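Residue numbers (the numbering used here), protein chains in the order written: chain A, 1 to 103; chain B, 1 to 103; chain C, 1 to 103; chain D, 1 to 103.
These are calculated hints, taken from the structure and not from any lab test.
Fair warning: this is a prediction, and the values are worked out from it, not measured in the lab.
Hints are not guaranteed to be accurate.
Treat identical chains as interchangeable: a pair holds within one or across any two.
[What the hints assert, rightly or not] Within a straight-line C-alpha distance of at most 27 Å, the following computed DSS-like cross-link-like pairs (lysine-lysine) qualify:
| # | residue 1 | residue 2 |
| --- | --- | --- |
| 1 | 82 | 95 |
| 2 | 16 | 96 |
| 3 | 52 | 11 |
| 4 | 52 | 96 |
There are 4 protein chains.
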Amino acid sequence: MGTALNEFQIKEALAKLPGWASGDDSISKTFRFTSFPEAIGFIAEMAFACEKANHHPELSNVYSTVTIRLCTHDAGNKVTLKDVDLAGEIEKLAKKRDYQATI
Amino acid sequence: MGTALNEFQIKEALAKLPGWASGDDSISKTFRFTSFPEAIGFIAEMAFACEKANHHPELSNVYSTVTIRLCTHDAGNKVTLKDVDLAGEIEKLAKKRDYQATI
Amino acid sequence: MGTALNEFQIKEALAKLPGWASGDDSISKTFRFTSFPEAIGFIAEMAFACEKANHHPELSNVYSTVTIRLCTHDAGNKVTLKDVDLAGEIEKLAKKRDYQATI
Amino acid sequence: MGTALNEFQIKEALAKLPGWASGDDSISKTFRFTSFPEAIGFIAEMAFACEKANHHPELSNVYSTVTIRLCTHDAGNKVTLKDVDLAGEIEKLAKKRDYQATI
Chain A
1 MGTALNEFQI
11 KEALAKLPGW
21 ASGDDSISKT
31 FRFTSFPEAI
41 GFIAEMAFAC
51 EKANHHPELS
61 NVYSTVTIRL
71 CTHDAGNKVT
81 LKDVDLAGEI
91 EKLAKKRDYQ
101 ATI
Chain B
1 MGTALNEFQI
11 KEALAKLPGW
21 ASGDDSISKT
31 FRFTSFPEAI
41 GFIAEMAFAC
51 EKANHHPELS
61 NVYSTVTIRL
71 CTHDAGNKVT
81 LKDVDLAGEI
91 EKLAKKRDYQ
101 ATI
Chain C
1 MGTALNEFQI
11 KEALAKLPGW
21 ASGDDSISKT
31 FRFTSFPEAI
41 GFIAEMAFAC
51 EKANHHPELS
61 NVYSTVTIRL
71 CTHDAGNKVT
81 LKDVDLAGEI
91 EKLAKKRDYQ
101 ATI
Chain D
1 MGTALNEFQI
11 KEALAKLPGW
21 ASGDDSISKT
31 FRFTSFPEAI
41 GFIAEMAFAC
51 EKANHHPELS
61 NVYSTVTIRL
71 CTHDAGNKVT
81 LKDVDLAGEI
91 EKLAKKRDYQ
101 ATI
């Protein structure tokens, strides 16, 4: 779990995570929801997946957008399977809602 | 806004609110979501609609279910347009998610 | 964990949980916070303790009050140590805030 | 409300907002709470103050920290009274909890 993925492995993982991008030794995605309350509700919900995985993203919110950036502190702030797995969980939760991926 | 609706008016209003039932001088619905975190996320989101309307339901949660019961204190705990309007707002938010109405 | 506590054991446990009452084969407490947003924030926070314990209360909210009722489904809806432990966790979180216990 | 404050006015306003700093045409503060759930609960609560003011910060969260950055879009992304007022509201909510201001 704690081993940094190489660029090829990250690319392969992101192929299954539409809208997620890699860069700066992290993977990230910005979700644009329909309102500020929906963004807050999404944060409240996805936080359980983070806590369960004992893995916490850098999360930011402006109005109806939520950006999630993941890397693994214990692996020298590189991208690991832990990040890819949590991104997958978050993606599943976001898919149930109206959102647009933004870049 | 503060006038109690009669039985006929409530029935008419509920015709547009699938799954909402009237009884005990209130209107209510139970939503079953896919998980406890989703129920909590829904509560966090729908709470903004309540606060905006300055109208607050009796809200209850057990695991993945959320029950919302609405009546108007200022109208002698009867059902008013305020309740119908907030039910409509809550319904819109719930519709964006996977849920089953339960009785 | 799954064994129902007897009346004496429940009384003993509640001695350490001020404001919690037993009855109807459950233990419960009503917290009155300073506002509806604070009540919702408390729900969002305490929900993590529930999820971590994999134990979920009957939770209800009206405006600034939150009522938590705990019993153990797997023990025939009786009060067990699981309920007492979760009540202790919830109590710790509530203590950090302004609230009044109400009956 | 929409007029940009000058440096002196910002300094004067921040004197009443301990731990808030100005820079980059915004005012900001980082709160360190005792846990990730408490940080999420704080976000869920303070979001109501934002929605009420119809003013939304740049909010970020990493584990138990929450950073709030405020500026006014309609005033060319400068600091206005709207920012100072919302910072005051947020400060009141944070004060009710255990947190450390961090820089």
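Evaluated hints:
{"no.": "1", "hint": "82 - 95", "in the structure": "within (20 Å within a copy, 32 Å between copies)"}
{"no.": "2", "hint": "16 - 96", "in the structure": "both (17 Å within a copy, 24 Å between copies)"}
{"no.": "3", "hint": "52 - 11", "in the structure": "within (25 Å within a copy, 33 Å between copies)"}
{"no.": "4", "hint": "52 - 96", "in the structure": "both (20 Å within a copy, 23 Å between copies)"}
Figure legend: structure checked against the earlier numbered hints; every hint is met.
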